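Engineer: Chains as they are written, first to last, in my numbering: chain Z, 464 to 569; chain F, 464 to 569.
In short, the hints are calculated from the structure, not lab data. Do not rely on the hints blindly, as some may be mistaken.
Where chains are identical, the list cannot tell them apart; a pair therefore holds if satisfied intra-copy or between any two copies.
Here are the simulated EDC-like pairs of lysine to aspartate or glutamate, each with C-alpha atoms no more than 16 Å apart in a straight line [as the list claims (entries may be wrong)]:
hint	residue 1	residue 2
1	K490	E513
2	K490	D512
3	K568	E481
4	K525	D508
5	K490	E510
6	K525	E481
7	K465	D508
8	K490	E531
9	K465	E482
Predicted model, so just to flag it, every value in this text is computed and none were measured.
Protein chains: 2
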Amino acid sequence: MKNLFQGIPENLPDEVFEELCSGQQVKIERIVSRGHTTPQGEWYDQEWDEWVVLLSGTAQLKFEDRSELVAMSPGDYLHIAAHQRHRVEWTDPDRDCVWLAIHFKV
Amino acid sequence: MKNLFQGIPENLPDEVFEELCSGQQVKIERIVSRGHTTPQGEWYDQEWDEWVVLLSGTAQLKFEDRSELVAMSPGDYLHIAAHQRHRVEWTDPDRDCVWLAIHFKV
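So that you can see chain Z by itself, here it is in the shape it has in the complex:
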């Protein structure tokens, strides 16, 4: 059996995206960040909806249509609609931020 908090590289030059499971209209993905952010000026603009939960560490997201940042702690989750432009503004550089993202067609 695998564990979401294991198998994390000691050195993490880039965010790590790992597909854990998928169906025709769903993709379950683990993302590990450690201080990584979306490159300046870039936005995620996704074809599918995403439901995402932060399981360890802390992070801040930014949505194009909201002025304030969204601060996330372990257990916090949200639903990002397809084409809702967003970016990862900040992740804790001192801890592994483990995200579980479910991408799906509505």
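Based on these hints, arrange chain F on the given structure of chain Z.
Structural biologist: Chain F in isolation, oriented as in the chain Z frame:
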């Protein structure tokens, strides 16, 4: 923003199943157990595949086609194919066992 570890009733006479998000071919569900098990002699036999992760507490699953129990700790995850008969044999009675289950059509 909601949190997977909040909003858990103090008294938990039954397991709590809560749909957090869904699409046509996916359902994301939080399950909270505290000593609950699948009733004796009963098996889950599901139409859809399930990907499930235990996020707090400890538990033991039983699959009809395996003799040994599957012990789960926080972060452990597994993929249960549609119609793979299984049951929850044991959950920690002293802690909230928070599961995140993704049900999906392959």
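Engineer: Taking the hints in turn, state whether each one holds.
Structural biologist: Checked hints:
In this assembly of identical chains, K490 and E513 lie within 16 Å of each other by CA distance both inside one copy and across copies; the values are 9 Å within and 12 Å between. In this assembly of identical chains, the alpha carbons of K490 and D512 lie at most 16 Å apart whether taken from the same copy (11 Å) or from different copies (13 Å). Neither within a single protomer nor between protomers do K568 and E481 lie at most 16 Å apart by alpha-carbon distance, with minima of 19 Å and 20 Å respectively. Taking the closest pair of Cα atoms, K525 and D508 come within 16 Å of each other only inside a single copy of the chain (13 Å); across copies the shortest separation is 41 Å, beyond that limit.
For the homomeric pair K490 and E510, the shortest alpha-carbon distance inside one copy (12 Å) is at most 16 Å, but the shortest distance between copies (18 Å) is not. Taking CA atoms no more than 16 Å apart as the test, K525 paired with E481 passes in neither setting, with 23 Å inside one copy and 27 Å between copies. In this assembly of identical chains, the alpha carbons of K465 and D508 never lie at most 16 Å apart, being 30 Å within a copy and 23 Å across copies at closest. Taking the shortest alpha-carbon separations for K490 and E531, neither the intra-copy value of 29 Å nor the inter-copy value of 30 Å comes in at or below 16 Å.
For the identical chains of this complex, K465 and E482 are intra-copy neighbours only, at 13 Å inside a copy versus 24 Å across copies, given an alpha-carbon limit of 16 Å.
In this structure, the earlier hints numbered 3, 6, 7, 8 are contradicted, and the remaining ones agree with it.
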